[in-house]
Amino acid sequence: MFQLQLNRVDYCQVGTTGPKCMKLMPSLQKELQKVVVGDSSGVVQLFAIKQKEPLNIFKTLPSKRITRIELSGRFNEIYDRIFVSSLSTVTGYTKKGRPFFNFETNMTEPIKSMRVNGDNLCIAGSYVFNSYKNSVESAYYLCPDKINDLLLLPMASADSKITPILACNDRILRVLDDSIVIYETEVAGPPTTLSLYNKNGGLNGKEILYGTSDGKIGLIEMNIDEPLPKWELSNERRLGGISCIDSHDITNDGIMDLLVSREDGTIEVYGYDSMDNPELKFTYNGNEGVTSIQGGCVGSSGYDEIVVSTYNGWIFGLTTESFNKELGNLPATLTIDKDSSMKMNKLRDEIDKLQNHVIKMRDVYQSTLNNAHSLSQLKSFQINHRFELNRDDASYTLSIEAEVPIDNVLIQCDVPIDLLDSDKNSCVVSYSECDENDGNFLLVTYRCQANTTRLDIKIRTIEGQYGLLQAYVTSRIQPKNCLVKQYVIKPLSLHQRTHMIDEKRPINKLKLSGNFSLAEIHSWLHYCIPEIPEKVPAENEITFYFLNTFLGTQLEINYKQNEATFKSENVSTISILKDVLSKKATDKKVVLNIDLETTPESTTYTLKCIHPMIDYHITSLWNDY
Amino acid sequence: MVVPIFSLKLNNKICSRTVSIGKYDGVHPCLTAATLAGKVFIHNPHQKYTFSGVGRTDSEPLIDSSLSLLNVNSQVTSIATGSLDASNPNEYLFIGTKTHILAYDVNNNTDVFYKELPDGANAIKCGYFGGIKDPVAIVGGNCSIMALNNIGDEVLWTVTGDNVCSLELLDFNNDSYNELLVGSEDFDIRVFKDDEIINEMSETEAILALTKLTSNQFGFALANGSVGVYEKNIRTWRIKSRNTAMAIHSFDINADGVPELINGWSSGKIDARNIVNGEVVFKCNMDHSIAGITNADYKMDGIDQLICCSTEGEVRGYKPMPSDVINMTSDRNINQEAMRDLAQRKQNLMLELSNLEEASKPSVQRKFDDFGDQTTGIPSNTQIQSKLSTRLQNGSSRGHVELTVVTNNDTVIRAVIIFAEGIFKGESFVVHPPANRISNDLVVPLFLPKDSPIDIHMQIFVGYENSTQFHVIEQSRVLPTFCMYRRVDISKVEEPKGFVTFMTSERIQRIVIWMNYNFILDEEYEAESSINIGFIALRDNKYLVIKMELNGQMTIKTDDIELAGTFIQSLCEYLKITDLQSNCDFPNELENLQTVLAEIEQFNNVRQQLTSQMADHSSIIRSLVVRAEDSRLMDDFEGMKKHYFELMNTNRDLISGYKIRSNNHKELLNHVKLLNQVIQKAGNLRMGRYKTDLISNARQAIKSNNSASLIKIIKTGSP
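One line per chain: the protein sequences are H and F, in this order. Under full-length UniProt numbering, the first residue of the first sequence is numbered 1, with each subsequent residue one higher. Under full-length UniProt numbering, the first residue of the second sequence is numbered 1, with each subsequent residue one higher.
Just chain H, with the same shape it has in the complex (with noise of 0.2 Å):
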């Protein structure tokens, strides 16, 4: 089998970089391509690599953080104006770096994602999604939950109507038609990030491919009026979720390949069997997040590779060239490595001199420490961080990557929840002592090596148990500061929402009813369950569905001013249900009736669904015995 060999180049670091912040200009003739990336401090640049160097073409000055980085054109031209979303500003610049286009949108949230298409703007921020043609807005809808990304489907002419596609993160995928969302459809992971399949939605130009936070990938055709699923790819290896899709042939075999890069650090390359199925043919393990991945040809020609640029700034190559000469051609190497060489000198002596400098403001800090009267100032340092529940494996993962190294994480926990050992950490784990008393069920440090700057920690919650999980991130740069962290626990952490449930099950059924607004009841079981969106849903009357992820079964909510009823097979979320639900009502001096009806065949029912897992566990442990 063919095998793919990718070496790493690096080559450069700028300041941190969010989601789809790099991007790769075209090419006119068979020229290398430019790269062009925003970072938090707002700087946008564009550069060529030229001997393995950077050399700027622009830089902006710096101002505040870029969100989105998007190349666009008139249609069926180049698309070389790039487009960069910062706050609630849109601004255009020219391939030279001359802006030309300056847009403040009357959003009321920060820009989290845009696309450009001809002369349709689209933006969304956390819940809003916003469509300008020609700077006047042309659309506007309020979604039901956060807004991870947003896709545009290829026009078929320049005046066509667009069709905008969002990703939602109750796992659906929206898609619109002006203002009105014409259908749904559910995917297997709550979707972070959207793309054109083989660059121009295949060939009807409507296959879309979608990366999950749980680190799945799938290929849907959106059809006018109804999706079809094409493949989806389950995310055994227990890999990070997936920041980016390209599709670019790295290959050379003349059809595209599936590029995908992992918030863990993993780039992926996928090529299609006969069939269309996507197959793995390469894999890269960073210990960096990676935000976005593009498919390009940038450090010599004639080489294709895939451009990373991480969380922490880095922009790398994984390129086609390879580097290893074989040993009797020495010269070549050398040659490769005076130049490395020089450049290290170079960066040693920068190091110095910044060692120095860092030497007299040591001092000059410890002098301001004996003046009563001024205040030490940290600058905090920022962290990118999640805290989700997989499906797979029922367990909660928490990932902290930090824009510095990390010295240590505290975790600190007021309810008893196991800590799940993970082999991509290197820390050294030590479990402290803790007083019950003092509401601490768990004290932990993970005590970082040098220059690591992300950790993933797996949790397990105990369903009915809830509370708040806190994380101390401790940075190694001194003067050393910790910034605080808290994640809550809800008391049905283990649920997960969906769409479907089986309907036959035997159940038991929690009735409530009482003199209570809608936003109460909304507010209570969004503290109750996750994945219960913030905002009250415009319905009079709301349906959940929900999965336990750990044991399999199910639960159904339905609400309404002054009632709310419950259904589920298992009698112990009921029963947690009850008990919180009693307790925020009795808060609130509402008064309830509670009309509890339970079936004792749910009961053995729930028993038969959990005897399976205790059968495989008790093997498993025979096993290693």
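Derived from the structure by calculation, the hints contain no laboratory data. Where a beta carbon is used, it is the ideal one built from N, C-alpha and C, also for glycine. There may be inaccurate statements among the hints.
[To be verified] Some chain F residues close to chain H (C-beta under 8 Å, calculated; not the full set):
id, residue
1, Y114
2, M339
3, R340
4, K346
5, S354
6, F429
7, P434
Chain H is already provided as a structure; the job is to place chain F on it using the hints.
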């Protein structure tokens, strides 16, 4: 990454830490290791050995003709190779099991000696030791160390604090004689010059491996994943990984004339570290956990290779290469990595610079920074004061040392993380009070299991209530050796029965200084002409009384012989006393010792009895088998059944007998260990040659089974 110059698959699982290279014919190196199945294999690619028809060694159908297998039929605990005769270049193979040691001459296919060791052989090292003229094999067992000469006679015997895990020979004090380094399960590395301990270094876990680097530098590996380097008794560096170091070795991989410390990890990683600063100069990966690392000229081309073995039987050899050659001829990745490291360092420095600039700006308090995150400024002169005090057992809380940290203004302490080795379950201890009880002071209880000085490193999170960002203030402190003792009024002390007394010519003032330094005293202790001070142990509420007269007679009263020993060792180290004799009496301990001795005798009797029983049974079995077979041949099935039935019963008896024997043996080992420990503790009450004398006298007394003499030796130091 360096490409191995050879790679073999031996198709035999290798037991960790039992890999050695022996030149059995004096010329050709052979890789030797123990397998999991109680066998030892010798890999000799240069010539073939045949073990046909040898007593204990059955020849086996071999997978690889260059591989020979020896059956030991018992779990191999250690392997060593070396010569015991300066005039003979042929090396012997030493195989240690839980009960025996076998010295084997591979070249001539003969046993050199086979000796029973009640303490087992956890580690074997072969070489020149101290003033002994010929090389010896040094065997470390449960608390005991012995040196054997080329006919298996014991030329030296001594004890150490706990089970021996690792041994190494090197010239520690540059006197051109080798000293013995012993790593044991009580976290100590001890240096023996002949049978006298000349230095002791405390680590934080059991010392799994020791290796000589240069004449007085050595590397060590601990059970908690630490590896590091000592130069004499000073640790130059130490790093900790989440994996365990399975093997360490000294080898000059980058051909710069200085050996590197090569570490093989349980994850299959191998790295070479600079011995001065611990920087990684070389690394590679194997598919399975590393079982052993050694070096030899395995290709017979005049250059030694580094040989790494994995537990699955994979062997790889690496050739030393100058580091620039490593970079040039191999992957560009190393260069890239180095560049990335440098760039990262630059980035870090720049971040630190901007942090410092921010922090030293005379600033007004801002609520939010550029990213909308809340920032917290604390007054620049915020300082942390930490104080140690002792707390007696009170109700359910055990006695402990209390560390109080206080800020000097209205800032609060959110949490404290304390990193220290050996005193917590893990490496850290966290105090995180509930949100409603945060204040500007915080109390950390510390429970110290051992009397030894401990470095603690504190990270204190300082800020305001409801802050989401805290300043981390770091502090280090040393906990005094005897911090688990609290001073009490001497008049209320119930004096312990046990005591040790000795004479010193030191001035009282110096001893007072030493005491102020090594105990936590609420106020400085002062004494002019005599010392009379009482302490209570926080661990068990027992008393300790220290007395000193004007004439220099010092008495330490305690029932804990170990405490008295630590006390004397620590004091002598401070006062630079090299030789010290003392008298002691510890009625409780000595009474215990007598029971131990009696029980050892009893166990020995039981063992003899059981052995004779076993011999009886086996002769019965033999005759039963013969008779049953006879009956079968004569078609007497009735009789055959009867005999086989009897056979089954006797067999059952034999098995239950074995179980009793094995339990008995286990008990015996425990008691022998106790005995060895008592001698070691008694030794610690003396210094220098008095200590050596005591240990060798005690050994004599045990050999001659003279318990009265042993007790007298412990009390007075001489028979």
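Do the hints match the structure? See the list:
Taken as an interface hint, Y114/F does not check out: its beta carbon lies about 35 Å from the nearest beta carbon of chain H, beyond 8 Å. At its closest, the beta carbon of M339/F sits 6 Å from a beta carbon of chain H; the interface hint therefore holds under the 8 Å criterion. With its C-beta approaching chain H no nearer than about 6 Å, R340/F sits inside the 8 Å limit, and its interface hint holds. At about 5 Å, the closest approach between the beta carbon of K346/F and any beta carbon in chain H falls short of 8 Å, and the interface hint on this residue holds.
A least Cβ separation of about 6 Å between S354/F and chain H falls short of the 8 Å threshold, and the interface hint therefore holds. Evaluation of the F429/F hint against chain H yields a held restraint, the C-beta minimum of about 5 Å falling below 8 Å. With a least beta-carbon distance of about 4 Å to chain H, the hint placing P434/F at the interface is held under the 8 Å criterion.
Of the numbered hints given earlier, the model fails hint 1 alone.
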